[in-house]
Amino acid sequence: MTAPLIEARAVTLSFGETPALRGADLEVDAGEILAVMGPSGSGKSTLLHCLAGILAPDGGEIHFDGRRIDRLGEQERSALRRDSFGFVFQFGQLVPELSAEENVALPLLLGGAKRADALARARAWFPRLGLDGLERRRSGELSGGQAQRVALARGLVAEPRVLFADEPTGALDSLTGEHVMDLLVDSARAQGTTVVLVTHEARIAAYADRETIVRDGRATSLSGRAAR
Amino acid sequence: MSVPLTLLGLLEREPSHGYDLKRDYDAFFGRGKPLPFGQVYATLGRLARDGKVVVGDPEAGDGPDRKRYVITEAGATEFEEWLSEPVAAEPHLQTVLFSKVVLALMLGRDAERYLDTQRAAHLRRMRELTEVKRSGSLVDALLADHGLFHLESDLRWIDLTAARLDALAAEVTAR
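In order, the protein sequences belong to chains A and B.
Residues in the first sequence are numbered from 1 upward in steps of one, following UniProt numbering.
Residues in the second sequence are numbered from 1 upward in steps of one, following UniProt numbering.
Keep in mind that a hint or two might mislead.
[Stated by the list, open to error] Just some of the chain B residues that point at chain A, by a computed CB distance under 7 Å:
{"no.": "1", "residue": "A120"}
{"no.": "2", "residue": "M126"}
{"no.": "3", "residue": "R127"}
{"no.": "4", "residue": "T130"}
{"no.": "5", "residue": "E152"}
[Unchecked claim] Below, a sample of chain A positions facing chain B; criterion: calculated Cβ distance under 8 Å:
{"no.": "6", "residue": "P39"}
{"no.": "7", "residue": "D182"}
{"no.": "8", "residue": "A202"}
{"no.": "9", "residue": "A205"}
{"no.": "10", "residue": "A206"}
{"no.": "11", "residue": "E211"}
{"no.": "12", "residue": "T220"}
{"no.": "13", "residue": "L222"}
{"no.": "14", "residue": "S223"}
Keep in mind that the hints were calculated from the coordinates and are not lab data.
All values reported here derive from a predicted model rather than from experimental measurement.
Every residue gets a Cβ at the ideal spot worked out from N, C-alpha and C, and that includes glycine.
Model the full structure from these sequences, guided by the hints.
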C-alpha cells in the first residue's frame, strides 16, 4: 500500500479551555474521496481546517505529500493553500463585488496568472457546470445552486491536489445538492483531485469512496483504506 | 411487490400479451429479478378464473402464446382500490436493530461498536445505491432514492441511539 497523501496523527486543538480535537488520526489516499462525518460540534470542520492549513493544531502531526505541514508559518501555509488546495464552503462565500467569472478566476489571479488567461480558464468551467450565460452575474444575482456551482469551479480551477469541501450542499435543497455533488465527484475524478468532504448528511457522504466519523474530537474510520 | 396487482395495472394501460407483460414487468419492476414466464401465465390464469381479466379475441395466425389479455371492470376496480390505499407505514422497521442494542447493553457488550458496524454497513449500501443512481436511468434513480431515504432514516436512528447509549445502558441494567 502506498503512503497516504494526507496523514494526521494525534492532532489536538483547543479553543480557549474548550478542546475541539482530542487526538484525531486520519489518512487520505491520493485520488480518494473521503467523507468526514459526525454530529454538530464533534470537531469535523476543525479537523478539516487543520488538514487544510487554515488552523495550526496545538499538538500532533499533519503530513501532506510526505511533508510535515503542522509547524509551517502562516506565510508558508498560505502558499500551500494557494498552490495545492481548493475550497468549497457551505454558503459559497463568493466575493459579492466580483462577477461569477472573476470569482472563479480568483485562485489563478492570486497564483500570479495574467488576468486574460485566468478569465479564459475560468470561463471554460461555466459550460461544464451548466452555468452558460452566467459569467458576468454577481453572486446576488445567482440562485443558491448556481452560486455553489460557481464556488465549485473556483475550488477546482487551479487543479488543486486536494479539494476541501465543508458541507458543500448544506444550504441547498436535496435535488440541487445532489446535482452539485454529481458535478463535484465527476470534476474531481476527471482531474484526479483528492477530496475531503465534511458532511453530516449520510446521503451526501454516500458519494465518497470511504468515510470517517468524528466524535468528541476523535476520528474513527468506518471502513479501511482501499489497497492502492 | 404484488405481481397480480402489478399485472392488472399494466393491463389497465392497454390489453397485452403475456410476453409484453413480462417484458414491461421486468423493465420497470423486476430490478434484476425477472418474472418467470410460468408465473406470468399462472397469474393471468388465476386472474381470468376470478373474473379480473378476460382473454380477448385471438389474432389471425395466433399460437397459444398470442392470447391478448383484457382487464375487466372487476379487475379495474380492484386495481384502483389498491392504488389509492396507502402502503402500511411500518413502525417496527427497527425491531432487529433495537433488540440487538438493548441486548448488547444488558449484557455489557460494546453497543457503540455494534452501532458503528451497522452504520458502516448502511453507508456501504448507500454508496452502492448512489452509484446505481448516478449510472442508471431516472427509473433506477427513483427506486434507489427510496432505498437511500430509508437507510438514511435508519442512520439517524443509529446516531440518536449512539448519543443516548449511556442513558439507555443505565435504564436497561437497572431492572
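Can you name, in rising order, the numbers of the hints this structure does not satisfy? Structure breaks no hint.
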